[in-house]
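Asker: These are the residues of each chain, in order.
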Amino acid sequence: MNTETQRKQLFDTILAEYGPMVDKVCYMYGADEEQRKDLYQECMANVWQGLRNFRGDAKLSTWLYRACINTCITCYRRTRKEDVVPIDNAVQLAADESSRPDDLKEMYRLISCLTPVEKAIIMMWLDEKSYDEISEVTGMPRNTVASRLRRIKSKLVELGNS
Amino acid sequence: MDLDELKRTWQSQSTRIDRLEAQNRELRRCVRENKVYTKRSKLMRTYTWLLITSVVMIPFVLLAFPTLDIDMGVTIMFVVTMAGLAIANSYVYMLIKKIDPTEMSVREALSRVLYLDRTRQRIRWVSMTVAVVVVSIFFYTLYQSDGHAGLLGGIVGGIVGGILGLRKEAEIKATIRAIKADLEDALQDD
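Chains U and Y supply the protein sequences, listed in that same order. Take 1 as the starting number for the first sequence in the working numbering and just add one per residue. Take 163 as the starting number for the second sequence in the working numbering and just add one per residue.
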């Protein structure tokens, strides 16, 4: 990042355009609304500090995913026992006309059964990130990402049928 | 719900912007006032203060102990302990500084956080053991000069400190277990 003004401009853009994406990720890791807010704050604070070294080598959305997932996974482990998405609060997230609120609740129920690392992989897959991007964020080799994704998908299908 | 439906639902959901507005406003204000702090920067600040305290204690001990008629051996022991703490605190500070969630992969972040927590746990154990020895010797010298009052103060302080230390230890152990589990999960299939 060249100047402080450019950094502030990019941060503004991130808040406006990528805020909802960061919020979706925080929602999957926070145990309640309070934690979700804290996580969002912490992710964005890390993003602001990290922007100083951002050179644009990676896509902005991939770089943000890395910052947010790392923050979420390393931040709130003390409440691991309660590490469940508050499904009843899922109505706070709005779906467009093509999805029903029940679908949203079901989606959160399924994803909340996964481990933190599995959540990270599936969220990026759901957001159409390539295997290379998932591999870059997680640090797993591409083949490992592919096999993990296969397993996570079958786990989700099984959970969906149960 | 099949996987296509899941993908469609994920992509169709959107956060209500009004929910984030207040938080974004607050973040913009913090940026304007140059007051953006992360948990990592706060922890780094804590360790900076610990480092300063342990360094400042060295001249304090060297100046104050002889006036209190405290044995030279005890004084040297205190100075060495403070110097050791200063080194340990600066090492932990460097470890925290190296963790950058925007630059490293999930695997790397997890392994560094695990290493950091384990190091902090080891340092805490070593410093607690050293503190018990140093403080016992210190209170023994007080007991020799002041009688029972100094000894009683030492015992009460030791019990309170011990309980607080053990509670913290249980918390840290749980944290380390959770990080280890995540790291093992991230390393699966290699």
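Check the hints yourself; a few may be wrong.
[To be verified] Sample of chain Y residues facing chain U (criterion: CB under 10 Å; computed from the structure):
{"id": "1", "residue": "T171"}
{"id": "2", "residue": "W172"}
{"id": "3", "residue": "Q173"}
{"id": "4", "residue": "R190"}
{"id": "5", "residue": "E195"}
{"id": "6", "residue": "T210"}
{"id": "7", "residue": "V217"}
{"id": "8", "residue": "V218"}
{"id": "9", "residue": "M219"}
{"id": "10", "residue": "I220"}
{"id": "11", "residue": "V223"}
{"id": "12", "residue": "E270"}
{"id": "13", "residue": "V288"}
{"id": "14", "residue": "E331"}
{"id": "15", "residue": "D344"}
[Said to hold, decoys possible] Cut-off 30 Å, straight-line C-alpha distance, at most; resulting in silico cross-link-like pairs (DSS-like, lysine-lysine):
{"id": "16", "chain 1": "Y", "residue 1": "K330", "chain 2": "U", "residue 2": "K129"}
{"id": "17", "chain 1": "Y", "residue 1": "K197", "chain 2": "U", "residue 2": "K37"}
{"id": "18", "chain 1": "U", "residue 1": "K37", "chain 2": "Y", "residue 2": "K330"}
{"id": "19", "chain 1": "Y", "residue 1": "K204", "chain 2": "U", "residue 2": "K155"}
{"id": "20", "chain 1": "Y", "residue 1": "K259", "chain 2": "U", "residue 2": "K59"}
{"id": "21", "chain 1": "U", "residue 1": "K129", "chain 2": "Y", "residue 2": "K197"}
{"id": "22", "chain 1": "Y", "residue 1": "K169", "chain 2": "U", "residue 2": "K153"}
{"id": "23", "chain 1": "U", "residue 1": "K8", "chain 2": "Y", "residue 2": "K259"}
{"id": "24", "chain 1": "Y", "residue 1": "K259", "chain 2": "Y", "residue 2": "K169"}
{"id": "25", "chain 1": "U", "residue 1": "K24", "chain 2": "Y", "residue 2": "K342"}
{"id": "26", "chain 1": "Y", "residue 1": "K330", "chain 2": "U", "residue 2": "K8"}
{"id": "27", "chain 1": "U", "residue 1": "K59", "chain 2": "U", "residue 2": "K37"}
{"id": "28", "chain 1": "U", "residue 1": "K8", "chain 2": "Y", "residue 2": "K260"}
{"id": "29", "chain 1": "U", "residue 1": "K155", "chain 2": "Y", "residue 2": "K260"}
{"id": "30", "chain 1": "U", "residue 1": "K8", "chain 2": "Y", "residue 2": "K169"}
{"id": "31", "chain 1": "U", "residue 1": "K8", "chain 2": "U", "residue 2": "K155"}
{"id": "32", "chain 1": "U", "residue 1": "K59", "chain 2": "Y", "residue 2": "K330"}
{"id": "33", "chain 1": "U", "residue 1": "K24", "chain 2": "Y", "residue 2": "K204"}
{"id": "34", "chain 1": "U", "residue 1": "K37", "chain 2": "Y", "residue 2": "K169"}
Keep in mind that the hints were calculated from the coordinates and are not lab data. No experiment lies behind these values; they were computed from the predicted model shown. From the three backbone atoms N, C-alpha and C, an ideal C-beta is built for every residue, glycine too.
Asker: Give a verdict on every hint.
Answerer: Evaluation of the provided hints:
1. T171: 5 Å, holds
2. W172: For Y/W172, the interface hint holds, since the closest Cβ of chain U sits about 4 Å away, which is under 10 Å.
3. Q173: Hint on Y/Q173: holds, closest Cβ of chain U at ~7 Å, below 10 Å.
4. R190: Where the cut-off is 10 Å and the nearest Cβ of chain U is about 7 Å from Y/R190, the hint holds.
5. E195: 12 Å, violated
6. T210: Cβ of Y/T210 sits 17 Å from chain U, so the hint is violated.
7. V217: This interface hint is violated because 27 Å lies over the 10 Å limit.
8. V218: Check failed: Cβ of Y/V218 comes no nearer than 29 Å to chain U, outside 10 Å.
9. M219: At 31 Å from the nearest chain U Cβ, Y/M219 fails the 10 Å test, so the hint is violated.
10. I220: 33 Å, violated
11. V223: 36 Å, violated
12. E270: Hint on Y/E270: holds, closest Cβ of chain U at ~6 Å, below 10 Å.
13. V288: 24 Å, violated
14. E331: Constraint on Y/E331 not satisfied, violated at 14 Å.
15. D344: 6 Å, holds
16. Y/K330 with U/K129: 40 Å, violated
17. Y/K197 with U/K37: Roughly 18 Å between the alpha carbons, so the hint for Y/K197 and U/K37 holds.
18. U/K37 with Y/K330: 26 Å, holds
19. Y/K204 with U/K155: 39 Å, violated
20. Y/K259 with U/K59: 25 Å, holds
21. U/K129 with Y/K197: Distance of about 33 Å is beyond 30 Å: violated.
22. Y/K169 with U/K153: OK: Y/K169 and U/K153 at ~11 Å, within 30 Å.
23. U/K8 with Y/K259: 23 Å, holds
24. Y/K259 with Y/K169: Roughly 38 Å between the alpha carbons, so the hint for Y/K259 and Y/K169 is violated.
25. U/K24 with Y/K342: 25 Å, holds
26. Y/K330 with U/K8: 39 Å, violated
27. U/K59 with U/K37: With Cα atoms ~25 Å apart, U/K59 and U/K37 stay inside 30 Å; holds.
28. U/K8 with Y/K260: Roughly 24 Å separates the two Cα atoms, so the pair holds.
29. U/K155 with Y/K260: At roughly 36 Å apart (the allowed maximum being 30 Å), Y/K260 and U/K155 break the hint.
30. U/K8 with Y/K169: At roughly 33 Å apart (the allowed maximum being 30 Å), Y/K169 and U/K8 break the hint.
31. U/K8 with U/K155: Distance of about 42 Å is beyond 30 Å: violated.
32. U/K59 with Y/K330: With Cα atoms ~41 Å apart, U/K59 and Y/K330 exceed 30 Å; violated.
33. U/K24 with Y/K204: Holds: U/K24 and Y/K204 sit about 26 Å apart, inside 30 Å.
34. U/K37 with Y/K169: 25 Å, holds
Hint violations for this structure: numbers 5, 6, 7, 8, 9, 10, 11, 13, 14, 16, 19, 21, 24, 26, 29, 30, 31, 32, all remaining hints satisfied.
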